[in-house]
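Build the complex from these two chains, which are given one at a time in their own frames, with help from the hints.
Listed in order, the protein sequences are those of chains U and S.
Here the first sequence stands for residues 932 to 1303, where the numbers follow the numbering used here.
Here the second sequence stands for residues 1110 to 1301, where the numbers follow the numbering used here.
Derived from the structure by calculation, the hints contain no laboratory data.
All clues given are correct.
Quick partial rundown of chain S residues pointing at chain U, CB under 10 Å, derived from the structure: (1) Val1167; (2) Leu1171; (3) Phe1175; (4) Tyr1179; (5) Val1198; (6) Pro1205; (7) Val1206; (8) Tyr1208.
Under the rule of at most 20 Å between Cα atoms (straight-line distance), these lysine to any residue pairs were calculated in the SDA-like manner: (9) Lys1027/U <-> Glu1144/S; (10) Lys1005/U <-> Pro1216/S; (11) Lys1005/U <-> Glu1197/S; (12) Lys1027/U <-> Pro1205/S; (13) Lys959/U <-> Val1199/S; (14) Lys1017/U <-> Ser989/U; (15) Lys1017/U <-> Arg1202/S; (16) Lys959/U <-> Gln1194/S; (17) Lys1005/U <-> Leu1217/S; (18) Lys1027/U <-> Gly1212/S; (19) Lys1064/U <-> Cys1002/U; (20) Lys1017/U <-> Tyr1203/S; (21) Lys1005/U <-> Asp1201/S; (22) Lys1027/U <-> Thr1007/U; (23) Lys1005/U <-> Gly1212/S; (24) Lys959/U <-> Pro1205/S; (25) Lys1027/U <-> Lys1141/S; (26) Lys959/U <-> Val1196/S; (27) Lys1027/U <-> Leu1207/S.
Far from chain U, some chain S residues (derived; all Cβ distances over 10 Å): (28) Ala1113; (29) Tyr1129; (30) Cys1134; (31) Leu1147; (32) Phe1214; (33) Leu1217; (34) Gly1235; (35) Ser1269; (36) Ile1280; (37) Met1288; (38) Ile1299.
The beta carbon of each residue, even a glycine, is placed where N, CA and C say it ideally should be.
The chain contents come next:
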Amino acid sequence: MIAHYLPAFMILISLSSVAGLILYLVDKYLAHYGRCRMEIRNAPDRSCIVDGGVSLLSCLNDMELYLPSSCGGKGTCGFCKLTVHKGGGAILPLEKIYLSRREIHANVRLACQVKIRGDISVTIPDELLSVKKYETRVIDIKDIARDLKQVTLDLQNSQTISFKAGQYIQLLVPGTDQLRSYSITSNPKYSRRIELLIKHLPGGLCSGFVHNELQKGDLLTILGPYGDFCADRYLNRQHITDMVFIAGGCGIAPVRSILNDLWDKRAQNTIYFFFGAHRVDELYFADEYIRRDNTDEQFHFVPAVSEKHQHDNWTGRTGLIHETIASYPFVPGKTVFFICGPDAMIQAVSELLLSKGHSQHQIHFDSFYSGI
Amino acid sequence: MSLAVIFFAAIVTNNIVLIYFLGICPFISVSKDMETALGMGIAVTSVMVATVALNWPVNYFLLEPFSAQYLQYAVFIMIIAVLVQIVEVVVDRYFPVLYAMVGVFLPLITVNCSILGVILFSMIRGYSYVQSLVFAGGCGIGWTLAILAMSAIRMKLRFSSVPLPLQGIGITMIIAALMAMGFLGFSGWISL
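Looking at chain S on its own, in the form it has when it is part of the complex (with noise of 0.2 Å):
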């Protein structure tokens, strides 16, 4: 399969988000502006892509030739855990108001699902290293076109008049769901 195929699918037609529905929790919860947005959806993918570009190796060069794989989510997650703390010092250090912005959400990507998503499905399809390179950017990318959407369509909420009983995470799920049954017409587009 071709990079470009890998790489267009993640993003559209098997968006981690909208089509899978993984990572909801800060897709919601930091989806309020767009700076915000942007920021987490960039800490996502950083970390989508180095902890794939650690995770494979380990899979196939430590894992597999001493038959350990059933350690994978183990190590999966502390690879994970650690590139976390990793970027949590990195952008406190060198960008403290989009620290400050994305909070308790930053050290909680060490427990998105959409990350361990991700390097589980480059292992059940068997992509090479480059081609899970390229699937987990995809996905990042994906992701964070999401949440940059959600947070347009949340700012724009702000100047309409949502009924009381749905104002917050009511209306923002809802709107999940339609951006979902929106992707889910590209499905047969091209799959993976």
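Okay, chain U solo, but in the shape it has when bound (with noise of 0.2 Å):
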């Protein structure tokens, strides 16, 4: 029996050996690029060498220089952006969907799609060399709706976060390498503790895990700070008079971080905030703005709902938020414009205003990324 089966089996053995030998030449040989040199020309002194055969973004990270990424590398979220200039290979079919005419001509690429083959040079936007790792507590979550909760994070090891009202964070999802976008609700005069709104996608890899299982006291490391959806450059312009922030559900996070943060720095410019939502009960901290409108002749808080059921004591406008706005008089020239919410709201909103003459410059938008 045994002398039935022997020379089949030494011929599994010794042709598996065979491929074993030639599979290790093949990548000894072919698959290793070896050392090579990484340049970055706008930050001289981060310059190394680094192994080649990987990704762009994994060796970037690997140097402590966090590009923005929503899709843990997949090439589907568009935001890991940089200049190449030399050693990047050609452009790939899936980076010139993200990247514009002009972008393409400036070697802009994917940092997720470039893989380094041998001495690479680079410029990574300025802002985001000073974008850090921060390991974190959580100190509190609270629910602000049903599918909402507002998780409140402790920067550990005597860390400080320096942020911008209006910029987000990335999240990583433990026990994986993917990364969740949220933008930072809290106000950037507290350092040592962020606020995030989090809401439960059905199916989210990340908000499912907060929703379900994350704890008060587990810990969480974030990347950040990333963004320019920041209104603090127009903060008592002379020639804006008007501030607009129109947010759509949770688009509610950075509007309300730039909100506080301009009442903070007495902001002298008239401050329309117009909030939609599918139901009353997505109105979230409607109350605490309804107050603010009574008490400060500065602010204008417009909610609308698109749903109205007839259970809900609801007496507010109702109708999608950028039908409300069309009623309102703004300026061109003298209004600036800030759209947090679904891509639909976004295009919606822009578009009207584009209509009414203003500017594409005075209108900034900040889109969710749908990826779950």
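This is how it looks when you write it as structure tokens:
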């Protein structure tokens, strides 16, 4: 019996050994790119020698240069843009989806799609050079609504974070290498703690974890701050009389931080806050803003719901938020707009504002990345 | 049977994808544009020829003398897997744009039934080493021509008003069926 199967066994062993040896040689001589020089043009002191064969994004992460990425390097969010001067190879078809013609001409690439195959020279957007990794502890989890939690994180190891109101961080989902982006909703004057609003998305990797598993005292890793959805550049500018914030659902997160910051800095501009939601119970923090509206002449809060039910005790506006804005006579050139919410809402509001003669430069938006 | 007949029949009358319906998965998925389809076709053809070039001697000089033909499937698939790994590394290194375009379908050549089908057909029909190589080359070229034709039709379809429920895979399957019916017309011409 053994003699019958012995040749077959020997054939399999010998063929497997030869196959293993061939793959080892291929891996050693073809798949290995050796040591490569990484030059960071706008931070020469960070230039170094790195191992080839990995993606530029993960290599920069190892060098503690954290580019934003919401898709975990799959090339589906288009956030990890940087300029590659030398050594990036040909641009891939996937990158062309996320890059404008001007960006392609200026050698802008997606770091997750560039593989290091030799010496490489890059320029990283200046604002990202200050992005750091922080270890935090969850000190509070509060239910704001049925599907929305406010998570307060305390920075560990005596670290402090310096951010502008309206910026966002990336949260590393525990047990994975996936990052998810969340706007900071707390006031930037607090540098040792940050607050996030996290809405539960069906099947959401991070939101599911936060809503079902996260406990007080848990440790979380965050990267940041990122983004330029900031209003402080228009603070008390004489030619800007009105600052208009338009949020949809949990798009209120960065707006809440910006408003608190503006009020702390005693903004003289008139502030309008249009807040749209599907249902009345999704008008998060509305009571707080209604109270402020009643006491502050410089602040106008305009909530609107798109689905009004009979049992709702709602006497405010109904309809989509861009329909509400249409009736306000904002003066082009003297008004700046900040829009945060779902893509469809941003598009509808932007088209309305452009049709009323407002400049593209004075319309700022922060859209959700819908990856779960 | 002459080499020319085997070669021509493998391309047209016995087309591996349109007559035997082997290798349908990448044929549907990687046929969105002609450049990618051509790259995939070259990769499949290379793996087919290399697979036959290695598996034929392994079968006749190693498995048969030891009466171990029952190991054919395991051994053939192992050799195909090694070859695909090598092709993947070479394409990634020297043709990164093509590598990005074919994506997951390049490593999936390992489990592409047309590759295993070609070597098994060669064994069943008792081809010599040279005949097997010619047959594999013909099958690879036939597969490439079929995927190129499909990608050309799909590129034209972008400018057509396909009914909504049929857009995407639906219309692609219908086109594949029509192409197969067209090729069926060649079947009485030469048979292997």
